[in-house]
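For reference, the chains in residue letters:
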Amino acid sequence: MDQIDILSGIKPGSELYRIRRKRPDYVEGTELCRQTVLEPGHGFGIGHAMRAALAARMARLIGRNDLARTYDLMVEEAGGDETLAAIASAAGLPADADIFTQALVRHADLVTKTPRNNTRADIERLEAAGLSNPQIIALSELIAFVNFEARVIVALEALEPVA
Amino acid sequence: MSASRFKVKALAWAPYIEPVDVATATQEQLAAMQVTPSNTKVSPYVRTLAHDPESYVARTKLFNAIMYAKGGLDRAERELGALVASAVNRCVYCASVHARRYVELSDRSDVVEEIYMRGLDGPFEPKIQAIVDFCRTLSETPSHVGQDQVQALRDHGLSKAEIVDLIHSAAIFGWANRLMHTLGHSTPVDGR
Chain A
44 MDQIDILSGI
54 KPGSELYRIR
64 RKRPDYVEGT
74 ELCRQTVLEP
84 GHGFGIGHAM
94 RAALAARMAR
104 LIGRNDLART
114 YDLMVEEAGG
124 DETLAAIASA
134 AGLPADADIF
144 TQALVRHADL
154 VTKTPRNNTR
164 ADIERLEAAG
174 LSNPQIIALS
184 ELIAFVNFEA
194 RVIVALEALE
204 PVA
Chain B
10 MSASRFKVKA
20 LAWAPYIEPV
30 DVATATQEQL
40 AAMQVTPSNT
50 KVSPYVRTLA
60 HDPESYVART
70 KLFNAIMYAK
80 GGLDRAEREL
90 GALVASAVNR
100 CVYCASVHAR
110 RYVELSDRSD
120 VVEEIYMRGL
130 DGPFEPKIQA
140 IVDFCRTLSE
150 TPSHVGQDQV
160 QALRDHGLSK
170 AEIVDLIHSA
180 AIFGWANRLM
190 HTLGHSTPVD
200 GR
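Which chain is which? The protein sequence lines are A and B, in order.
Per this note's numbering, numbering through the first sequence is continuous, rising by one, with the last residue being 206.
Per this note's numbering, numbering through the second sequence is continuous, rising by one, with the last residue being 201.
Each hint should be verified, as a subset may be incorrect.
Said to hold, decoys possible - Here's a subset of chain A near chain B, in silico, CB distances under 7 Å, partners left out:
hint, residue
1, I62
2, P83
3, G106
4, D109
5, T157
6, N161
7, S183
Unchecked claim - In silico lysine-lysine, DSS-like type, Cα no more than 25 Å apart, as pairs:
hint, chain 1, residue 1, chain 2, residue 2
8, B, K70, B, K50
9, B, K70, B, K136
10, B, K79, B, K169
11, B, K50, A, K54
12, A, K54, A, K65
13, B, K79, A, K65
14, B, K79, B, K136
15, B, K169, A, K65
16, B, K16, B, K136
17, B, K169, B, K136
18, A, K65, B, K18
19, B, K50, B, K18
Hints are computed from structural coordinates only; laboratory data are not their basis.
Bear in mind the structure is a predicted one, so any value in this text is a computation, not a measurement.
All C-beta atoms, glycine included, are put in the ideal place defined by N, C-alpha and C.
Same shape as in the complex, but just chain A (with noise of 0.2 Å):
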């Protein structure tokens, strides 16, 4: 059993549980793909936290708040303070959270909820609060994951029931 079984209800020996064994690729490419957004070798200055902390309020933006708890233990393994729960909790940002922070936070929230919308202004603003060219990339796989990964876990709740 792995993360997205227990998430998506599946049962030990299912039908469904032994057709994901048949897809390993699938199974251990998405935890592979996990730690290299999550934990990876080279954070380029995202560290851990935070992105655990970005992960868990997109999880909840998508609706999934039982995969925002697995990212909010993240969190608290790795240290947590005021800053990252505020972030974890899908809630406004302390006011004196930092313009870097701020502008992580602005663009996870917009391609989570709105990618059609995004255009070079939203780059062009990741640049402005300091974000290196590897930091852009870095936040957007890591987007980009947590919202595969929630739908992953949507569609495979609903097709476990079934026959």
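Starting from the known structure of chain A, arrange chain B on it as the hints suggest.
Just chain B, lined up with the frame of chain A:
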């Protein structure tokens, strides 16, 4: 077979940020981009994502497994899942690539014409409608995906294993669109 002669134009893609320069790339970036002495031509898309080589390599493997794995859902229907997600997310570049692949594999330019000219409402024939409706909801508002939509896929002959493939192909385009559409824009091929 389709009577439609609708054609989707091939497009190029240009990033909003400076991509990695092959001449100054790190060893890890060169390996991620699979640059070799005989292969130094790398697309702007790959060079843009190679700023974070670790995530690029892992995602590319997952992407290829989902879109090209043997058995299971027809490749054409995986491409349709990709096209529907790209239409929802307005990723013009991804849509053009995967609309053309879908037509190559299915010969259904009529379906692509309907999507390009009138959107995702349809009506399409029942099986295609079930695939479009499911992938659209999953892409737009995942919290609204219901068992009824999955049941519709089963009723039109998709096995549960094939539905797992469809889920992944639509979801991986929720990922790909969030890169391609937010990090750059489509350009005419001639305008490069």
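Q. Do the alpha carbons of K65(A) and K18(B) lie within 25 Å of each other, as the hint requires?
A. violated, 37 Å
Q: Would you settle whether the hint for P83(A) is holds or violated, based on the nearest Cβ-Cβ distance to chain B being less than 7 Å?
A: Holds - the Cβ of P83(A) comes within 7 Å of chain B, reaching about 5 Å at its closest.
Q | Hint check, I62(A) versus chain B [nearest Cβ-Cβ separation less than 7 Å] | A | holds, 5 Å
Q.
Next item in the hint list is N161(A). Is there a CB on chain B closer than 7 Å to its CB?
A. holds, 4 Å
Q) Given the hinted pair K16(B) and K136(B), is their alpha-carbon gap at most 25 Å? A) With a Cα-Cα distance of about 23 Å, the restraint between K16(B) and K136(B) holds, given a limit of 25 Å.
(Q) Check the hint pairing K50(B) with K18(B) against an upper bound of 25 Å on the C-alpha distance. (A) Given pair K50(B), K18(B) holds - Cα atoms ~23 Å apart, limit 25 Å.
Q) Given the hint that K79(B) pairs with K65(A), does the C-alpha gap stay at or below 25 Å? A) holds, 11 Å
(Q) Hinted pair, alpha-carbon criterion (25 Å max): K70(B), K50(B). Please report holds or violated. (A) With a Cα-Cα distance of about 20 Å, the restraint between K70(B) and K50(B) holds, given a limit of 25 Å.
Q.
Under 7 Å is the threshold here; is the Cβ of T157(A) close enough to any Cβ of chain B for the hint to stand?
A. Violated. Min distance 9 Å.
(Q) Using the nearest Cβ pair, does D109(A) come within less than 7 Å of chain B? (A) violated, 12 Å
Q) Regarding the pair K70(B) and K136(B), is the alpha-carbon distance no greater than 25 Å? A) violated, 30 Å
(Q) For K169(B) and K65(A), compute the direct alpha-carbon distance and say whether it is at most 25 Å. (A) Holds - the C-alpha atoms of K65(A) and K169(B) are around 12 Å apart, at most 25 Å.
Of the numbered hints given earlier, the model fails hints 4, 5, 9, 11 and 18; all others are met.
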